[in-house]
Amino acid sequence: MAISLFQAAQLRAVQLRVVQLLRLSPSDPAPLDRSTPQRSPKVNQSQGRRSRSPELTSPGSRQEPVAPRSRVSQAPSPRPNPPATIPRERSPQPSSPIRNRTRRSRRTPALLPPPQPVHQFRLFITWLLLVLGMGGMGYRLYYLQIRDTANLLERANAQQNTVLHPVLPRRQIVDRFGTVLALDQPRYSLYAHPTLFSESLEDVATGLAPLLQGGGMETDAATLLAQFMSQDSGIRLSDSLPESVADSIRNLGWNGLDLEKHQQRIYPNGTLFSQILGYVDWEGTAQNGLEASELARLTRSKPDTTARRMGNGTLLPDNLPLDFLAQDTLKLQLTLDSRLQQATQTILQAQLDKFAAKRGAVIIMDVRDGSLLALATLPTYDANHYYDANFEYFRNWALSDLYEPGSTFKPLNVAIALELGGIQAEDTIYDEGQIQVGGWPIANHDFESAGGHGVLSITEVLKYSSNVGMVHIIQSLDPGQYHDALTRLGIGQPLETDLPQVATGYLKSREVMTTSSADRATTSFGQGLTVTPLQMVQLHGALANGGRRVTPHIIQGLVDSKGEQQWTPDYPETDVFKPETTRKVLDMMESVVRDSTQVATIPGYRIGGKTGTAQKAENGVYIAGAKITSFVGIVPIEQPRYVVFAVVDEPQGANTFGSTVAAPVVRQVMETLTLLYGVQPSDPQVVGTNPPGAIE
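Each residue of the sequence shown is one higher than the last, beginning at 342 in our numbering.
Hints may contain errors.
Okay, the calculated beta carbon distance ranges per label pair [stated by the list, open to error]: (1) Tyr483 to Gly594: 56 to 62 Å; (2) Pro658 to Leu485: 28 to 34 Å; (3) Lys699 to Gln907: 41 to 47 Å.
Treat the hints as calculated values from the structure; they're not laboratory data. This one's a predicted model, so the numbers in the text were calculated from it and none came from an experiment. Glycine residues also receive a C-beta, built at the ideal position from the N, C-alpha and C atoms.
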């Protein structure tokens, strides 16, 4: 069938469009943009320009399938000759692939819009953002890996590692036989928050009362109920509940009860050694006594340890030392004896009550090395309840208070006179009873009742405690040498000891002592100078041990769980008298006890001693009627081993002297001492043998 030239032109245009579409990817055809106008092929000028083909421009029209090229060539129709003015357009012959593709595609593919043109500005912005992002990431990597490395490592170590500061309980304090005097134990503080109670206030008070009473607390249900009603939260019911009571409270399962664990220093003996040991407060701070002065030895220390931990905070044990959880078993052992201390304190308390005295002290020292077996001072306090104590009781006045020793200093002056050659043991002294020295009257204590004693031996001067006789003895010495001798004894010098807060005595200057005869005279019978009771024990210990001034001390060392010494302190000694000098003085002191102070004697034992009754001064002025009575005893006198010194401050009554107040205390204490330590009697026929079980 023949077709017109116009139809041939339309067919040619369709074929070209099909070829264009087939060149696109069959899996991703580009859509045809219908908004873009398409040019139609050129036609004969006689027919004029055509707009787009109806099949291509009409969006709603249905596109007819295009006939294959082969059909057109098989049935050509006669075509009219074109006008001469219009050149004939050669139609290119489609290749066989086009024909094959046309055969396979019976349907015309969808007409899709052409791709949008790429906007150069958007591409630049995208590129710029990518460059900036990559640059920022590069700088951040540089900052983290190079500049901030040290900080990151530190933070990583802080997260992955922790420094452990081991908190260990303080070491125990034990006496010479291992009896525990102080130890750390876990204790609990109990807080109540009534607003959180799930039970009624009455039920909680009723349930807690017996448990708290079992923990040593004085309370009842009514008292607890009143506390619960006083405030809504934060009521502290107890500070020192033992672990067993804390477990019982936990087992109740009640809300509103808070238990806080802490280490508390416990003193099993209560008031027995309080003024020696001191105490540790609720904050764990040592106060007074050995607890403070021996803090370094009482504190268990371990170096800080760095441990690794997991993300949830669990510690990893791989980096911990093997002994991290172990603690040493060392204990601070003292020279004190709890049994002797208890007996001494009981004896002293009875005498204080008898004479309504203000205070008293008893010290027992082993003269061989200066170790103290007992140091009792009254009144005292319970270190477990230090917060209820009188502040004055915290001070161990036997160490910190000075007093004029009085007649107990006379044996020391006699030893000085013998040592310097001013007198001989066989010399005699004339006692007028009262004399004038430097314009000041000096008289014996019994001058009004007995007058002068006349000619006295040196032993009788001590026996009658003659002040006038002692003045004559010291007048026989060179004043400068006498002052030097007192200084050599340690008078006016700091006392070397391991006990804390020991006061330093007072001695007049060398210039005063060499120019003032009155000051030398008063010093001869123990006035005008001051010492502590502890120093008096040290000085009489030098008489007892042959002239060695030993260091009074109470620390024996650090011992392990087997009782073996791991550390022992060294205490200095100084020779101050010749042995022959001290022997003569000891014989005189034995005569004093045997002939004039029989209240201090013990059957079967040879004892030496000297009484003292001194006026009490305050702020440089003597207090009318106030006196300090004392007695020093040495046992056994033939082989001196122990010095026992007792001092009683301000006893009340008419018959209050060293021989009536202090001497009986020393005698009772020495009886206990000889019994406990198996001191052999000088005359076994009088007292028999020592009882079995005596401890050396």
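Practice task
Output the numbers, in ascending order, of every earlier hint that fails for this structure.
Solution key: none
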